[in-house]
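**Q** Line by line, the protein sequences give chains E and V.
Position 138, counted from 1, in the first sequence is what our numbering calls 138; the numbers after and before it change by one each time, with no gaps.
Every position in the second sequence, counted from 1, becomes a number in our numbering once 1000 is added.
Treat the hints as calculated values from the structure; they're not laboratory data.
Mixed in with the good hints there might be a few duds.
To be verified - In silico BS3-like links for lysine-lysine, alpha-carbon gap of 25 Å or less: (1) V:K1216 <-> V:K1375; (2) V:K1224 <-> E:K386; (3) E:K386 <-> V:K1170; (4) E:K130 <-> E:K79; (5) V:K1216 <-> V:K1170; (6) E:K326 <-> E:K352; (7) E:K326 <-> E:K130; (8) V:K1216 <-> E:K386; (9) E:K79 <-> E:K53.
Residue-level listing of the chains:
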Amino acid sequence: MRLCFYFQVHQPYRLNRTYSIFDIGTRTSYFDDSLNQSVMSRVSQNCYLPTNKLLLDLIRQWDMRCAFSITQTALSQMKQWVPEVIDSFTALFETGRVELLSESSHHSLASVYSMAEFCDQVRLHTVTCKQHLQAPSRIFRNTELIYFDQVAEAVSQLNLDAMLCEGSQSVLGWRSPNHVYRGPSSVKLLPRHFQFSDDVAFRFANQAWEGYPLTAHKYAKWLEQSTLEADCINVFLDYETFGEHHKSSSGILDFLTQLPAAVHKTRSMTFATPSEVVDNCRPRDVLAVPNPVSWADSARDLSTWAGNHMQRALLEDLYALESAVKSRGDAHLLEVWRRLQTSDHFYYLSTKTDADGAVHQYFNPFTSPYHAYMVTHHILTDMRLKLNA
Amino acid sequence: MRILELGWEFPPQKSGGLGTACEGICRGLLRLGHDVTFFMPSAPERDDIALVGANSIHQDNPTDGSLTPYSIASSLLPYHSETSYQDTPHPFEGGYGASLFEEVQRFASVAAQFARKGAFDVIHAHDWMTFPAASAIRHLAQVPIAAHVHSLEIDRAPQGANQTIMDMEKQGLQAADAIICVSGRTKSMVIDQYGIESKKIHVAHNAAFPVTRPRKKHPWGSDKLVVYLGRITHQKGPETFVLAAAQLLQYMQDVQFIMAGDGDLLRPMIERVTDARLQRHFHFTGFLKDNHASDLLAMADLYVLPSVSEPFGIAPLEAMLHGVPVIVTNQAGVVEVMPSAPRVDHWDVVGLSDWMQRILTNDDLANELVRSGAKDLTAVSWDHTAETISQILQNLA
């Protein structure tokens, strides 16, 4: 049985929360450099640097394998403010046991709003990765694991072999997440095991959880118990889980340190990259997923970013600028437009008030979704006026 | 005359027209040579005008002809630990928070203590928050009271008026020796609502400070800019504004609407505007500081005051002074000093939309409205308001 770990690395260019109506037409800096720099530096110190170092040791010692996706917005901020993080990722990729996934460059919702822009971003991400890290593999992951049939078709057109998806009932129906499946156009699908993933990502430090405290040994036991009838178990989560979302004082890094030994001890599991899973596991069935499914919130759909009218109105406005931006031929403007597409900006507009809403507060620069709306709207207005669109 | 003004807000610390009006009145009374002391819960720092905060007082003698700083020590300290009790000044928050009633009562007792030390000829109390304080002072010192009504509870909350506030309003108005209302509209509401005899009620219309700011260009090129500026609450009629905007956008596209301000209906208005997908023509700013409000008026092509119930409404005067034509509702007291401004009923969405279209598409009409409005305003100034008030106070003292 193959155990596949994938980590999402992402940071958005957060907007300048002081952008006011009087800045429209005059102020061109949409992004809060000092906030973005301070978040990137903090997360690098808490997570990227120490966890990369730890993984490098584990890979050397235990032949551990895993995969990363690194968004272009994260990569360019690393380059700008903490270039040593790029070096430490490079060291991981150079082991040959760490896979870099393909994705849409700006962690956007383009797959939902513009397939042309989506394909442009996937190609752009490949170019950028080649420049700063290495070429990504032929496995694709979409923003927050957003998946539906049309994305698989577009991914196939882009010559990619497989993609990750959420292992929820709306994707799998009655089927087990512990196999590889196939979508339209023969694209292979790796479903996320959301229970095992969320045990680490969300529940690890929850003292009220019956599984608390989660040790590597306990976790490996749980995994082993589900290896019957399993080809693979896919644990996909935010990389910031290690040291940032869960601070190192929670024991999360100790957990990771001990995990390879615990897995090794079971003798029934081996670490594998997504490519190795796809190459070795036969797809068990063909899945039809007409409506978008994601890994976000309990709803696992698009409601996190497009659940209310503020979100939908601004997303429509943003994507309505596509032809004006692209016909302008201004590389800087195009890049700014893409940075505005980063899904986090729409996440901050969510008005969900339950536990999901609390999660949305993380890294959120705004005092309320309505504050976020006003700022984002002013910035989009400025951009539209600039484009005369 | 030595006048003790009792107030709740003073610029830059304010939430609406009350603070602006208090400043205009005080400056006017000072210019008339009166000795004015403005007493409020927590005074903002001002270089030009000294104010008295109930929360911090190192008292000294009032100097003649100016507003004088005081501070008051009080033993009534909520939310304080035993240890900090002795040295911390009295924590008045001002504003209209959860502890408002408690603060109103405490303000009354501190004000009474304060007034006993000074010798005042007359007390001029602004709105219900200060009426208990006026009564407390009169109880001790037999000074006559003029109660100034800037707004009534039934203006602010026509459907959910707070009975405690209405009781305080009624008691304060009954006890006052004279009542000054900001409009004839408010005067008749005071009579209807509280059955107070008309002969002790006077009207002193509000005014606005002169504007020297030049017109500013806005970023929407040749589009027209229509501005709503005020708290976004039911009283101010934001729904009518949004509905009229939606209606107008069916007929013309080269127009931008700006809803400036904050309030409990800001969120529902944003949701409404985005639900109707009007957002490319409709902008929200949140609360604006005075200089930004003025910037906005300097860019506007039309100002709309869609109020459901407005005792006066200073903002349309300010808009006029910025050279901007205005549309007001019949339910606003300001119409009494702007006879030439176009007006509609607050529920008349179609009427409002029609007027907006007429003004925005006809520059001659817009210019004529600015001219005739300016003529209306020649008789309106804070000095003039202060003279009226001064006369009323003099008759009491």
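**Q** Evaluate each hint against the coordinates.
**A** Going down the list of hints, with the structure as the test:
Between the alpha carbons of K1216 (chain V) and K1375 (chain V) the distance comes to roughly 23 Å, so the proposed pair stays at or under 25 Å and holds. Restraint check for K1224 (chain V) and K386 (chain E): the C-alpha separation of about 18 Å stays at or below 25 Å, so the hint holds. With a C-alpha separation of about 56 Å, the suggested pair K386 (chain E) and K1170 (chain V) falls outside the 25 Å cut-off, and the hint is violated. For the given pair, K130 (chain E) sits about 14 Å from K79 (chain E) by alpha-carbon distance, which is consistent with the 25 Å threshold.
Taking the CA atoms of K1216 (chain V) and K1170 (chain V), the gap is near 45 Å; set against the 25 Å cutoff, the hint is violated. Distance restraint check for K326 (chain E) and K352 (chain E): the Cα-Cα separation of roughly 34 Å exceeds the 25 Å cut-off, and the hinted pair is therefore not satisfied. A hinted pair counts as satisfied when its Cα atoms are at most 25 Å apart, and K326 (chain E) with K130 (chain E) qualifies at roughly 23 Å. The straight-line distance between the Cα atoms of K1216 (chain V) and K386 (chain E) is roughly 19 Å, inside the 25 Å bound, and the hint therefore holds.
For the hint linking K79 (chain E) to K53 (chain E), the alpha-carbon distance of about 18 Å falls within 25 Å, and the restraint holds.
Hint check: violations occur at hints 3, 5 and 6; the rest are consistent with the structure.
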